[in-house]
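Enquirer: Sequence:
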Amino acid sequence: MMEEEGIRPTDPRLKQFMVRVSKEKDDVDEDTLDEVIDTDLPLIASTLRNLLVIPDFRSFCSHLDQIFEECTDITSGNVASYIPELSKVSPNFWGMSVCTVDGQRYSKGDSTEPFTLQSCSKPLTYGLALQQLGSEKVHQFVGQEPSGEVFNALILDKHDMPHNPMINPGAIIMCGLLKSLVYENHAIDDILAEIMKTVKNLAANEYVGFSNEVYESEKATGFRNCAIAYLMMEKKCFPPSITVDDVLTLYYKSCSILGNCETLSVIAATLANGGVCPLTNKMVLRQDVVQNMLSLMQSCGMYDYSGHFAFQIGLPAKSGVSGGMMLVVPSVMGIGLWSPPLDRLGNSCRCLYFCERLLDFYCMHPYARLGHAVPAREDPTQRPGRDKEEHVIRILCAAARDDVDALQCYFLRNMDMNVRDYDGRSALHVAASEGHLESVRFLIDVCRVDVNARDRFGHTPRKDAEEFGNVYIANVLKCIGAEL
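Residue numbers (full-length UniProt numbering): 1 to 484.
Do not take every clue at face value.
Straight-line C-alpha distance at most 27 Å; calculated BS3-like pairs for lysine-lysine [said to hold, decoys possible]: (1) K197 - K137; (2) K235 - K158; (3) K158 - K137; (4) K137 - K235; (5) K197 - K282; (6) K15 - K236; (7) K200 - K108; (8) K282 - K15; (9) K236 - K219; (10) K108 - K15; (11) K15 - K137; (12) K200 - K219; (13) K137 - K200; (14) K197 - K219; (15) K137 - K108; (16) K88 - K219; (17) K282 - K200; (18) K235 - K219; (19) K158 - K236; (20) K236 - K137; (21) K200 - K15.
Worth flagging that the hints you see were computed from the coordinates, not collected in a lab.
Please work from the sequences and hints to get the whole structure.
Expert: Laid out in C-alpha cells, this is it:
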C-alpha cells in the first residue's frame, strides 16, 4: 500500500517503523502493530487515508511513463563539447525522478546514473550565500535581472555587477562571497565540503559525489570564465581579499559536484516545500531564502530561454550543460531530469519537451486557475469529488453575493446550475433568501433551473423568499408557477 502511493521502504521517516517490523517479524498481533505504527503515525495515517499531496499517485505515474516514453524518441541536440570531459558522455542517457512535498517518489530510466550538476549548482551556492549573509548583503554584489545574453557572456549590468546569480558571472561572484565573507581563511576544499554538505541535506543524503576529471577538464579549458573573473576584478565586483585563482577553483569544483535525477528531485522538492526536506522534515534553508532562489530560477534559470520557459511553463527551473535539470512545482513536488543532448541555448532537448508535455497533461501553470477560470487540464493534487465540491461552492457563493457575471461565466462553461449543497439548497434557494432579484432572474430565465427544488427541510426557493421577507421575489416565483 505504502509503495503504491509512492512511499519507499527506504524512506528515512519510516526507519524506526521498519526496524520494529523486522524485529517482530511474522509474529505481530494487533496491539503490537498499533504500537509499531504509532512511531511513524503521521506519515502512515496520511498514506492510508489518501491525504498525500498527489492522491492518485498511480495514475500520475502512468502519465509520467507516457511522457517519458515520448521523450525517448527525441534525437535532436548535441552533447556539450566545450568541456572535453562532458563530450565523452553517451547521448542516450535519459532519466527522470519525482519527489513530492509529502515524500512520494517515482523514478524512470537512468535516474541513478551520476552526472555533474554544472549550472544546477548555481541556485544552491546562491542559496547558501543568502542563508549565511542575507539578501541585502548578497545583492550588493549581484543583480536580479535576466541578462538577455548567453550564460557565459562577458557582460555586466549598468551598475557593473553580474545580472543575476544563475549565469556564470553571478555564480563566480557567489563563490567569491563564500570564500571571502562566509568561510574566510578556510581552504577551498573545506568550503567545497560545506557546499556539498548543504547539497546532501537538501537531498536527504541521496547520492552526492565529486568528479575530479570534470574539474580538471573545466580548469584546463575555462578561458572564458577566466576572462569574466578578471573583468569583474577590474570592475571591483568582488569583496576584498579574493584572488581570481581561488574563486575560479571553487567555481569549477562546485560545478563538478556529482548527483543524479533522484538527488535533483529531492533538492527540488525541498525547495517546493519552503526549505524543509520532505524526507527528513528538517529545515535546510529559510523560507525567505527559498523565495529568492525560486524567484530567480523562474526568471533566469534556463539561460537565454528563460523568458520563453517562464511564459510557457511558468515554474521555477534550473538547467545545466551536463543535461541535468530540476523543476520545482511549489507546494507540490520537485522533478529531476537528465538527458545530455542540448539545444543551441544549452538546455536539454528531452528535458524541455518533458516539461512541455507535463503542462499539456496537468494544470501546473501558476496562472491557470485565476478568477473564475475552469482549468481544461487535470490537477494532480485534486481529490476525487473535490471538483464537484468546488463547483457547488463557486455557484452558491456567486448567488449569495449577487454576482451575475460569475453565474454567467459558469453557465457558459456548461457547469450544472442546479447543483446543491449539503442541505440540498440550490443557487436559486440562496439568491431568493438573500433577496437578489437579478440573480434570481438570471437563474430562472437563462439557466432554466428547477424552481421547485426542495432542500432537506422541504423548503422551495419561493418558501425561502417568503420566510426572509423578500415578497417581490416570492411573487416573481409564484407567477411562473413555483410551488410554495
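Enquirer: Now tell me if each hint is right for this structure.
Expert: For each hint, the structure was consulted:
no.	hint	result
1	K197 - K137	holds (23 Å)
2	K235 - K158	holds (12 Å)
3	K158 - K137	holds (19 Å)
4	K137 - K235	holds (18 Å)
5	K197 - K282	holds (14 Å)
6	K15 - K236	violated (51 Å)
7	K200 - K108	holds (22 Å)
8	K282 - K15	holds (15 Å)
9	K236 - K219	holds (23 Å)
10	K108 - K15	holds (24 Å)
11	K15 - K137	violated (40 Å)
12	K200 - K219	holds (24 Å)
13	K137 - K200	holds (25 Å)
14	K197 - K219	holds (23 Å)
15	K137 - K108	violated (41 Å)
16	K88 - K219	holds (17 Å)
17	K282 - K200	holds (12 Å)
18	K235 - K219	holds (23 Å)
19	K158 - K236	holds (14 Å)
20	K236 - K137	holds (16 Å)
21	K200 - K15	holds (18 Å)
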